[in-house]
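Using the sequences and the hints, build the whole thing.
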Amino acid sequence: MSDTRIITGNEAAALAVKLVEPNVIAAYPITPQTSLAEKLSTFVEGGELRAEYVRVEGEHSALTVCISASTVGARVFTATSSNGLLYMHEQIHWAAGSRLPIVMCCVNRGVGAPWSIFNDQQDSFSQRDTGWIQIYCRDNQEIIDTIIQAYRIAEAVYIPVMVCYDGFVLSHTMMPVEIPDYGKVREFLPPYKPSVDISPENPVTVNPVFFPWRRENAEGVLCDGYMEKRYKLQDALLKSTDTIEEVSTAYGQAFGRDHGGLLWEHMTDDAEIVIVGMGSIAAEATVAADSLRKEGIRAGVVGIRVFRPFPRKAIATALKKAKVIVVFEKCMSYGCDGGVSSDIKSALYGTGIEAPMHNYIAGLGGRDVKARELADAVKETITRIDSGTEENETTWLNCHTG
Amino acid sequence: MEQRDKYISGICTPAIGEAGKTGDWSDLKPVIDHSKCIPETKGKAACFLCWLYCPDGVVTMSIPVEIDLDYCKGCGICAEECPPNAIRMVRKVECDE
Ligand code: SF4
Ligand code: SF4
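Chains as they are written, first to last, in our numbering: chain R, 1 to 402; chain S, 1 to 97.
Hints are computed from structural coordinates only; laboratory data are not their basis. Each residue gets a CB set at the ideal place from its N, CA and C atoms; glycine is no exception. Hints are supplied without guarantee of correctness; some may be wrong.
Stated by the list, open to error - In silico SDA-like links for lysine to any residue, alpha-carbon gap of 20 Å or less:
| id | chain 1 | residue 1 | chain 2 | residue 2 |
| --- | --- | --- | --- | --- |
| 1 | R | K193 | S | D70 |
| 2 | S | K6 | R | V206 |
| 3 | R | K294 | R | D270 |
| 4 | R | K239 | S | S9 |
| 5 | S | K6 | R | F210 |
| 6 | R | K18 | R | L189 |
Unchecked claim - Under 8 Å between C-beta atoms, here's a sample of chain R residues computed to sit facing chain S:
| id | residue |
| --- | --- |
| 7 | G97 |
| 8 | S195 |
| 9 | V196 |
| 10 | V204 |
| 11 | N207 |
| 12 | P208 |
| 13 | A218 |
| 14 | E219 |
| 15 | G220 |
| 16 | L222 |
| 17 | C223 |
| 18 | M227 |
| 19 | K229 |
Structure follows, in structure tokens:
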């Protein structure tokens, strides 16, 4: 019998973590992640989860605890949001450079200043270039399933995974979620084996200074310089797309739910207008696409699930037939453009796809984005294109200044 | 075939000189006046403050006290700490001349 409960995104995440049985959890509470950290500490305190919960004085330490524990072979978990994630920044790079399969939830929230406790994706977007895999979830079922997948991915490719989901929109909203079976999770997720066994019998030096050049070590072995090590991270990240897709398929076979490996599509087969989004805004866009179809506009949706490594090929394939591309996004590369749309443009360069692309910055700091508003924006885009505007400046949806 | 690094991350086998002979980075080198050194004058284990304070661990706790100049960074802490001022920091170029 399946176990389906009506729970929040944070509860779904907590139950996933309980199922993967980490050895060490270190997290510092921050809105909107708080109820996730609370739930996990309750599990540990009540003996339901046999893990060490390390109480730390801040997020930098939380990730540092995870880095240390993961280095010596522990499965670890942490979670944070917004400025907490930014406070980790140095160690986020460190975790990826150390090739540690840490899994972290980022419950997406806008970053200060000015303060906002509400949702957008600027926090995890600003950690885009740290060498982590980033996966964005669109509903609570996907959260629980993705966290379990994240461990299998991370521990296969030795790259940390950030599982991102929208604060409040998902973290505090209740939905029916099917809880995966404990025994099946054990089968799906083998125990974690660190890339190097560190023990008193096999002492190693971890992360000493690396030099610009390659050199022989004391035993005459030719060792990487800094650049080789960084190249290996990039190489592994690019190759991890295969692993991510395999794990998604395997999960679908084992649990009956495949949320799409790198991205998912909604009615794109015959779509002329393709809406692209990441996380819950993409789910909202499916409602918009359905209503546009009722008005005779052939719209479809591409939901980006994996933002890093950026699925260039999959994106180009999904957008091949689009006549117009409309991107809705909750993150901004200030002084440039929306983060998602810039990456899509770079993925399309040289592919021959020349559909006009309009992008909308939407829902920053928790501003509500309704399906109707997305549909209206799409219609506005069509009007603009019909009147000869091929590409236009980024539009900030529902933003009124002056 | 040359042996290649097997690690994916910045891990290496602990060994003396893992980072190469770092001693040649320094401008100064410590020179011991053994006639002033306490364990040597007393003929028994004593003092060894140079051994204790050396941040690079390149001083031996032995009679006579020895410094491995292949890895000494020339910081001068040993000379600063030595109670009878038995260690003097000397410019390497001057030594060469
Ligand atoms: S100069 Fe510095 S590194 Fe060299 S022996 Fe003295 S204390 Fe050690
Ligand atoms: S600190 Fe000076 S006196 Fe003491 S052992 Fe070292 S060299 Fe000798």
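message = Of all the hints numbered above, which does this structure not satisfy? Sort the numbers upward.
response = The structure breaks hints 1 and 18; every other hint is satisfied.
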